[in-house]
Amino acid sequence: TECVSGCVCPEGLFDDGRGGCVEQQDCPCVHNNEWYSSGEKIKVDCNTCTCQKGVWKCTDDVCYGTCMIYGSGHYNTFDGKFYDFDGSCEYVATQDFCGDKNSSGSFSIITENVPCGTTGVTCSKAIKMFLGVSDDSQYISEIQRDVGDDVQYWNRTVGLYLVIEASNGVMLIWDKKTTVFIKLSPDYKGKVCGLCGNFDDKANNDFTTRSGLQESNALNFGNSWKQSPMCPDVTQEIKPCDLKPHRKSWAEKECSIIQSEVFKICHSKVNPFPFYEACVHDACSCDSGGDCECFCSAVAAYAQECIKAEACVFWRTPDIC
1 TECVSGCVCP EGLFDDGRGG CVEQQDCPCV HNNEWYSSGE KIKVDCNTCT
51 CQKGVWKCTD DVCYGTCMIY GSGHYNTFDG KFYDFDGSCE YVATQDFCGD
101 KNSSGSFSII TENVPCGTTG VTCSKAIKMF LGVSDDSQYI SEIQRDVGDD
151 VQYWNRTVGL YLVIEASNGV MLIWDKKTTV FIKLSPDYKG KVCGLCGNFD
201 DKANNDFTTR SGLQESNALN FGNSWKQSPM CPDVTQEIKP CDLKPHRKSW
251 AEKECSIIQS EVFKICHSKV NPFPFYEACV HDACSCDSGG DCECFCSAVA
301 AYAQECIKAE ACVFWRTPDI C
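Position 42 of the sequence shown, counting from 1, maps to 42 under the numbering used here, and the rest follow consecutively.
Hint data in this document are derived by calculation from the structure and do not stem from the laboratory.
Among the hints, erroneous ones may be present.
To be verified - Label-pair ranges, simulated between beta-carbon atoms:
1. K53 <-> P186: 26 to 32 Å
2. K176 <-> V62: 40 to 46 Å
3. V158 <-> K43: 17 to 23 Å
4. Q152 <-> E310: 29 to 35 Å
Stated by the list, open to error - Derived pair list, reagent style BS3-like, types lysine-lysine, alpha-carbon separation capped at 27 Å:
5. K53 <-> K269
6. K81 <-> K176
7. K189 <-> K128
8. K269 <-> K308
Built from N, CA and C at the ideal position, the CB exists for glycine as well.
Modelling step: build the complete structure from the supplied sequences, incorporating the hints.
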């Protein structure tokens, strides 16, 4: 199905993979199983790719990294590794104090996770952001800020979100519920550590523990980043739908929107399956009120990834969220 010259087309023309014959400069390109004509442009993260003679030619700007923490213990690292971790403690989400004890870092972001619902899953209740190197800390709403001489910051509200932006290239975006996005400038590539991974464009080494070891198990990795040795280690993965089977069919029915026609344009760009599973997990576990909010946050997390992939979906209706 590639653009090739051969016995199917007259001399000098190429099979375009769609049953036609075209000149070489008109060869189409494929991205996520979709065909694009020569000259068409797509966005991949912060870069623009143009289809030229059947090959993508892309700009090579270095992009900001985004880590998402949402719902009951779901993490999507800077490098796109998706995993669940339900610890009840304070954990390092990301920081640039890594490895060398004497290394001077400029920031640390801590997530405080507490049980939500009765099944034992946890949600991020507060995010603490330490900037600079001084020791005095001050609380501002749920965001704790500790400012050294060298790092300035600004906060503003954008739509549903509270945004805190610091002069050192760190940005925190919070929906004032259970979703947090941490954005880092490209200068931090390979220099950070914590539950959000190391931001080196390789997802397979994101489970690096506090002591610098590679771990394959999400629980061991997560436990290594707790702030207090007094907190218990997480020893097993919680499966709320097994504990609350009566909620499972409702959860699957509601969350099926992620795999439905509504999000069809996004399916080829962002795999819906992990987000669907996370949605069912959250809808089963939110049994102390706020179950619709848990469901909405889970769908919004997928919608947000779709927007990043240039697939804008209008999924909210008067009946849904």
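Checked against the structure, which of the hints given earlier come out wrong? 2
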